[in-house]
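Asker: Sequence:
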Amino acid sequence: MRLLFSHEIRNQSTALQSLKQELESTLSSELEGFELRATVLLVIDELVSNLLKYGFNLEPDQRSYLKIEFDEDWLQIELKDNGHRFNPLVQPGPTSLGQSISDRAVGGLGLYLVLKMMDETHYEWREPWNCLRLRKKVKKSLNDREK
Numbered sequence: 032m033r034l035l036f037s038h039e040i041r042n043q044s045t046a047l048q049s050l051k052q053e054l055e056s057t058l059s060s061e062l063e064g065f066e067l068r069a070t071v072l073l074v075i076d077e078l079v080s081n082l083l084k085y086g087f088n089l090e091p092d093q094r095s096y097l098k099i100e101f102d103e104d105w106l107q108i109e110l111k112d113n114g115h116r117f118n119p120l121v122q123p124g125p126t127s128l129g130q131s132i133s134d135r136a137v138g139g140l141g142l143y144l145v146l147k148m149m150d151e152t153h154y155e156w157r158e159p160w161n162c163l164r165l166r167k168k169v170k171k172s173l174n175d176r177e178k
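Heads up, our numbering is the position in the sequence shown plus 31, with the first residue counted as 1.
Derived from the structure by calculation, the hints contain no laboratory data. Incorrect hints may appear among the rest.
[Claimed, not checked] Each computed DSS-like pair below joins lysine-lysine, with the alpha-carbon atoms no more than 25 Å apart:
id	residue 1	residue 2
1	170	51
2	51	84
3	170	84
[What the hints assert, rightly or not] So the derived label-pair ranges between C-beta atoms look like this:
id	residue 1	residue 2	range
4	109	69	15 to 23 Å
5	156	66	31 to 39 Å
6	66	100	12 to 20 Å
7	69	37	18 to 26 Å
8	104	55	19 to 27 Å
9	123	52	27 to 35 Å
10	143	66	13 to 21 Å
11	147	92	27 to 35 Å
12	116	66	31 to 39 Å
13	91	66	20 to 28 Å
All C-beta atoms in this analysis are idealised placements derived from N, C-alpha and C, irrespective of residue type, glycine included.
Make the full structure from the sequences, and use the hints.
Answerer: In structure tokens, the structure reads:
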């Protein structure tokens with residue numbers, strides 16, 4: 032697989048905004064197709080915002096590392112963090128999907144949707160790291176810059 036994007040995410044309030052700006056710039060030059068770019072941006076936004084909000088303490092030395100790779104068949108997202116141990120793959124799905132928005136409990140829907148958007152998911156705890164790998168099958172959506 033070819034490395035598309037790599038970024039260290041620090042436990043800071045501005046981390047998500049700077050990540051999104053850099054990621055959008057990279058994706059617009061490297062990935063064809065609005066749908067794939069939008070999927071990647073949505074997945075990263077949801078995962079990183081949850082990490083910054085719930086996964087980290089107030090300790091400034093907490094870090095996360097994001098890596099995005101691709102080949103002609105797959106796009107792979109790896110997120111590794113030293114926040115609270117958390118396996119998103121074993122969380123219960125939302126039980127209130129049939130209810131109106133005003134009647135639903137807050138939380139959990141974004142993560143559920145992100146995981147449903149991906150074709151393969153894998154989580155592993157390698158102390159002190161949460162390691163999440165998500166893979167999406169691509170349909171001729173990548174620029175063919177290396178040929």
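Asker: Indicate, hint by hint, whether the structure satisfies it.
Answerer: Cross-check of the supplied hints:
1. 170 - 51: holds (24 Å)
2. 51 - 84: Holds, because 16 Å separates the two Cα atoms, which is no more than 25 Å.
3. 170 - 84: Not satisfied, since the Cα-Cα distance of roughly 33 Å exceeds 25 Å.
4. 109 - 69: 15 to 23 Å: Once the Cβ atoms are compared, 20 Å apart, the range 15 to 23 Å for residue 69 and residue 109 holds.
5. 156 - 66: 31 to 39 Å: holds (32 Å)
6. 66 - 100: 12 to 20 Å: About 19 Å separates the Cβ atoms of residue 66 and residue 100, which means 12 to 20 Å holds.
7. 69 - 37: 18 to 26 Å: holds (21 Å)
8. 104 - 55: 19 to 27 Å: Holds, at about 24 Å.
9. 123 - 52: 27 to 35 Å: Holds, since residue 123 and residue 52 (Cβ atoms, about 34 Å apart) stay within the stated range.
10. 143 - 66: 13 to 21 Å: At 20 Å between Cβs, range holds.
11. 147 - 92: 27 to 35 Å: holds (33 Å)
12. 116 - 66: 31 to 39 Å: At roughly 33 Å between Cβ atoms, residue 66 and residue 116 fall inside 31 to 39 Å, so the hint holds.
13. 91 - 66: 20 to 28 Å: Since the Cβ atoms of residue 91 and residue 66 sit about 37 Å apart, the hinted range of 20 to 28 Å is violated.
The earlier numbered hints that this structure contradicts are 3 and 13.
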